[in-house]
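> Make the full structure from the sequences, and use the hints.
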Amino acid sequence: MRIVADSFSEFILGRQAEMGRDKRLFACSTCLNPEKTRISRTNTFAMYKKLALAIAFSPRMEALIAEARKLIQIFEGELVLIHVGTKTPELETQLDEILSRHCGDLERIKTIWKEGKPAKTILKTCEEEKVDLLVLGALKKEGLLTYYVGSVARKVIRKATCSVLTMIEPKIETTHFSKVVINGTELEITPRVIARGLKFCKAEQSTQVHILNEIKMYGFKMATAAEGNEAEVANTRRKLVQEEIDYVQGILDSLEPTDLKINIKVTAGKWAVELVRFCESIESDLLIMGVEQGFSFIDRIFPHDIEDVLIELPCNLLIVK
Amino acid sequence: MEKLTHNEVVMLLLQLATMLFLARVFAEIARKFKQPAVVGEILAGILIGPTILGTFFPEGFEFLFRSYPMSNIALAGYSQVAVVLLLFIAGLEVDLNLVFSQGKRALNISFYGLVIPFAFGFTAPFFFAEFFGFSEGDKLLFSLFMGTAMAISALPVIVRTLMDLNLFKSRMGMMIVSAAMVDDIIGWMIFSVILSFMGKEAGGIGIGYTILLTVGFTAFMVTVGKSLINRVLPWINKRLAWPGGLISLSLAACFFAAAFTEFIGLHAIFGAFVIGIAIGDSEHMTERAKEIIHQFVNNIFAPVFFVAIGLKVNFIANFDPWLVLVVILVAYAGKVIGCGFGALQGKLDKYEALAIGFGMNARGAMEIILGLIALENGLITEKLFVALVVMALVTSMTSGPLMRWAMNKRKEGLE
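First to last, the sequence lines map onto chains G and A. Okay, so the first sequence: first residue is 1 according to my numbering, each after it adds one. Okay, so the second sequence: first residue is 322 according to my numbering, each after it adds one.
These are calculated hints, taken from the structure and not from any lab test. Backbone N, C-alpha and C fix where the C-beta goes; we use that ideal spot for every residue, glycine too. One should not assume that every hint holds.
Said to hold, decoys possible - No farther apart than 30 angstroms at their CA atoms in a straight line, the calculated lysine-lysine pairs in the DSSO-like style are these:
| hint | chain 1 | residue 1 | chain 2 | residue 2 |
| --- | --- | --- | --- | --- |
| 1 | A | LYS425 | G | LYS155 |
| 2 | A | LYS559 | G | LYS140 |
| 3 | A | LYS559 | G | LYS179 |
| 4 | A | LYS490 | G | LYS140 |
| 5 | G | LYS117 | G | LYS87 |
| 6 | A | LYS425 | A | LYS547 |
| 7 | A | LYS547 | G | LYS155 |
| 8 | A | LYS633 | G | LYS239 |
| 9 | A | LYS425 | G | LYS124 |
| 10 | A | LYS324 | G | LYS239 |
| 11 | G | LYS159 | A | LYS425 |
| 12 | G | LYS239 | A | LYS730 |
| 13 | A | LYS559 | G | LYS159 |
Stated by the list, open to error - Chain A is faced by these chain G residues, among others (derived, beta-carbon under 8 angstroms):
| hint | residue |
| --- | --- |
| 14 | GLU186 |
| 15 | ILE189 |
| 16 | ARG192 |
| 17 | GLY219 |
As structure tokens, this is what we get:
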């Protein structure tokens with residue numbers, strides 16, 4: 001695990017002094033009163049009615065099925081299994097065995113066997129079946145070749161019209177996503193990511209939710225602000241941090257109350273990189289973020305935003321669409 | 322090793338002290354009027370240079386800046402280091418991440434904001450070369466330089482204005498910043514090509530080769546160079562003293578890249594700028610380290626460099642009011658029409674487009690650096706240099722108020 005990155009400890013110098021916290025820790029900029037925090041109350045557990053799992057008969061398949069089973073239980077939805085490849089009696093028997101172990105009690109379960117290009121076929125099937133959440137397994141770290149050529153998970157995450165949950169360490173003995181990090185960086189999709197993310201956390205009974213927002217070009221801003229006197233500079237520093245907290249707080253205020261424990265944190269540096277560092281440092285179970293549309297090969301040569309996360313997944317990843 | 326004599330050392334230190342002191346005094350006065358420090362620093366130079374001190378107290382000026390040539394050479398070395406460092410921090414400011422995440426609209430603004438001012442700047446001197454003080458040499462090169470001078474922008478002034486107007490985080494603010502970054506990268510690339518041709522007519526390297534070198538070096542640095550930097554920086558951060566290790570080694574890299582580009586026939590500042598982009602784009606170059614480098618350059622090197630501008634030229638004797646006026650008009654027309662048109666193409670409204678044009682219009686320190694290098698290479702006359710400096714100051718000083726005006730107009734329109 002990486003130790004707390006300095007860009008974290010640097011981000012709120014003024015704030016740290018005020019709060020008297022350990023400088024090596026991230027300042028917990030604001031700990032919200034649970035009663036005051038809101039999320040949507042209606043249909044909390046019905047946000048994902050139809051769940052699909054992409055299976056590839058890998059050693060992790062059983063664990064993935066167990067994880068999907070857990071989600072079905074939470075969301076009270078139905079399960080669709082998608083396998084891209086030839087259907088053989090052996091594979092069918094193997095799958096039936098696993099399903100009987102984990103999903104014996106499930107009534108609504110459907111297995112789809114299709115042949116074709118994996119990513120394309122999975123995406124098409126999800127659309128045909130009107131899937132709300134697609135679950136798939138992914139490697140923590142992609143090889144250099146896979147990185148430039150593109151993996152199935154990466155294509156699916158980019159192009160899926162439904163939400164995607166990518167699991168790097170599925171377990172047969174499933175656990176809840178206890179420590180969750182949500183991307184609160186100011187983007188068009190962020191209000192939706194926070195709203196959906198908190199709903200998911202509530203369903204998952206997460207114990208701690210961190211929402212991370214960033215100060216863009218912090219060093220440069222502070223350098224230009226340095227034309228003010230000492231008090232003005234300190235004030236600018238405070239203002240920069242406060243603006244980012246207010247942004248997230250504004251979104252939270254527009255949502256229904258929840259009893260989740262939520263922290264808003266502010267970072268400086270590239271947001272995607274900081275998200276990864278933060279997830280690693282607190283050993284989070286799940287990272288929730290949105291994804292922007294439009295993506296080309298150029299984005300991989302000059303990785304930014306979500307590409308920075310996909311290079312090395314710090315934990316399980318939920319992409320909200 | 323050669324060394325300065327006792328008196329030369331005293332004089333050098335005296336020069337530095339005077340320049341830093343007056344730069345600060347005038348920067349503070351500029352601050353009182355909510356103007357960028359560079360405005361004050363240039364004024365300080367004009368005060369102690371041939372323009373005022375040299376005219377009214379020639380003995381004082383002679384004593385301070387003419388009595389010991391060796392001290393002046395040492396001072397010129399300091400200024401040379403300063404300009405390399407200024408371009409290095411200009412590179413650090415470029416956030417490729419931001420540029421790529423802004424999409425098409427920002428590209429529209431940067432494209433038109435570059436091409437139209439460039440066309441204006443190119444056309445006017447090409448057809449009225451004598452008016453712009455062109456006498457001999459390559460007219461095409463001269464016109465290309467003027468095009469570049471009109472296309473470049475000053476990111477620090479833009480960022481400061483956007484922060485003051487509370488617009489930095491807005492969609493418009495982000496677009497302006499990323500468009501300015503793109504224009505700067507391309508502007509410095511063009512300038513680098515122009516520079517490598519100056520004074521090298523006979524047996525010089527071919528234009529295709531120079532462009533290839535410039536583009537190749539940039540492409541190499543932002544891909545392979547950047548990934549190397551990304552591997553080395555974590556090691557530096559972890560093993561060496563922080564931020565000392567990071568700062569001294571990134572500056573070493575900066576000087577090395579500057580030396581390298583100078584060696585292969587491009588200008589030193591181009592290497593500093595490009596390695597600045599590569600280092601600044603690494604996630605391991607922390608924001609705090611960037612802030613320290615900025616402060617260190619902005620307050621120790623930059624003031625001396627900008628004061629030295631005033632020492633080189635007599636601003637009153639070389640002040641040609643018509644030339645100054647035309648340069649300013651071409652500058653405004655190019656950027657406001659270009660960026661405004663780009664913004665309108667991106668479906669922004671009329672006042673937003675105007676505000677973007679005014680914002681991008683700030684030329685600031687970058688224009689002055691560009692002008693000085695052209696002057697030193699004999700590409701432009703002192704009169705044109707003075708006009709460019711005045712234009713840089715006027716566009717920087719008016720950028721904020723004009724943008725505020727446009728945004729207020731927009732607000733009134735919406736109400």
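> Each of the hints needs a verdict: does it hold here or not?
Hints, one by one, checked against the model:
Restraint check for LYS425/A and LYS155/G: satisfied, since their Cα atoms lie roughly 22 angstroms apart, inside the 30 angstroms limit. For the hint pairing LYS559/A with LYS140/G, the CA-to-CA distance comes to about 24 angstroms; that is within 30 angstroms, so the pair holds. For a cut-off of 30 angstroms, the pair hint linking LYS559/A to LYS179/G stands: about 27 angstroms separates their Cα positions. Between the alpha carbons of LYS490/A and LYS140/G the distance comes to roughly 33 angstroms, so the proposed pair goes past 30 angstroms and is violated.
As the CA atoms of LYS117/G and LYS87/G are separated by approximately 15 angstroms, the hinted pair is consistent with the 30 angstroms bound. Our distance criterion of 30 angstroms between C-alpha atoms is met by LYS425/A and LYS547/A, whose separation comes to about 25 angstroms. Between LYS547/A and LYS155/G the CA atoms are separated by roughly 25 angstroms; this keeps the pair inside 30 angstroms, and the hint holds. Straight-line distance between C-alpha atoms of LYS633/A and LYS239/G comes to about 41 angstroms, which puts the hinted pair past the 30 angstroms bound.
This hinted pair checks out: LYS425/A and LYS124/G have alpha carbons roughly 28 angstroms apart, not beyond 30 angstroms. Only pairs whose Cα atoms come within 30 angstroms are accepted, and LYS324/A paired with LYS239/G is rejected, the gap being roughly 50 angstroms. With a C-alpha separation of about 20 angstroms, the suggested pairing of LYS159/G with LYS425/A holds against the 30 angstroms cut-off. A C-alpha spacing of about 26 angstroms is found between LYS239/G and LYS730/A, which places the hinted pair at or below 30 angstroms, so the restraint holds.
With a C-alpha separation of about 38 angstroms, the suggested pairing of LYS559/A with LYS159/G is violated against the 30 angstroms cut-off. Below 8 angstroms, beta-carbon pairs count as interface contacts, and GLU186/G has one with chain A at about 7 angstroms; its hint therefore holds. For ILE189/G, the interface hint is violated, since its Cβ never comes within 8 angstroms of a Cβ in chain A; the closest pair sits about 12 angstroms apart. Below 8 angstroms, beta-carbon pairs count as interface contacts, and ARG192/G has none with chain A, the closest being about 17 angstroms; its hint is therefore violated.
The restraint placing GLY219/G at the interface with chain A holds, with a minimum CB-CB distance near 3 angstroms, inside the 8 angstroms limit.
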